[in-house]
Amino acid sequence: MQSIDLCLILLRSELLIAPHTSIVNNNLMVQWASLNHLKRIHMAKEDQIEMEGKVIDTLPNTMFRVQLENGHIVTAHISGKMRKHYIRILTGDSVKVEMTPYDLSKGRISFRMR
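Under full-length UniProt numbering, think of the first position of the sequence shown as 1, with each following residue one higher.
Treat the hints loosely; a few may be bogus.
[Unchecked claim] Once the Cα atoms are required to be at most 25 Å apart in a straight line, the calculated BS3-like pairs of lysine-lysine come out as: (1) Lys81 to Lys54; (2) Lys96 to Lys81; (3) Lys106 to Lys96; (4) Lys54 to Lys84; (5) Lys96 to Lys84; (6) Lys106 to Lys81; (7) Lys96 to Lys54; (8) Lys106 to Lys84; (9) Lys106 to Lys54.
Because the hints were derived from the structure by calculation, they are not lab data.
Can you make the complete structure from the sequences, with help from the hints?
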């Protein structure tokens, strides 16, 4: 029997640590009396890549084609706060685009430069 000190469980962007965990016959056995024994660790938001670019085309459903400083073209949508405050984006505007490292072809417009 092999024992492990901690078991990490991912639940709704929180990391839960179970105190008593062991492996028996290649099966993970987690032993706890209630969820109150778990320690909660809040995970950080994933790193966003921010780049500046220029809107080259407007698409339906508030989507835009943005050419980044490095020459790449991404499809971007407006962030919720920009939509809430009725900030209009036109072709030719300089914008700040946030992208996730998992899909660099899509982004979110977070700021319109003046």
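Okay, the hints, checked on the actual structure:
no. : hint            : result
1   : Lys81 to Lys54  : holds, 20 Å
2   : Lys96 to Lys81  : holds, 14 Å
3   : Lys106 to Lys96 : holds, 13 Å
4   : Lys54 to Lys84  : holds, 22 Å
5   : Lys96 to Lys84  : holds, 17 Å
6   : Lys106 to Lys81 : holds, 18 Å
7   : Lys96 to Lys54  : holds, 9 Å
8   : Lys106 to Lys84 : holds, 21 Å
9   : Lys106 to Lys54 : holds, 14 Å
Taken one by one, the earlier hints all hold for this structure without exception.
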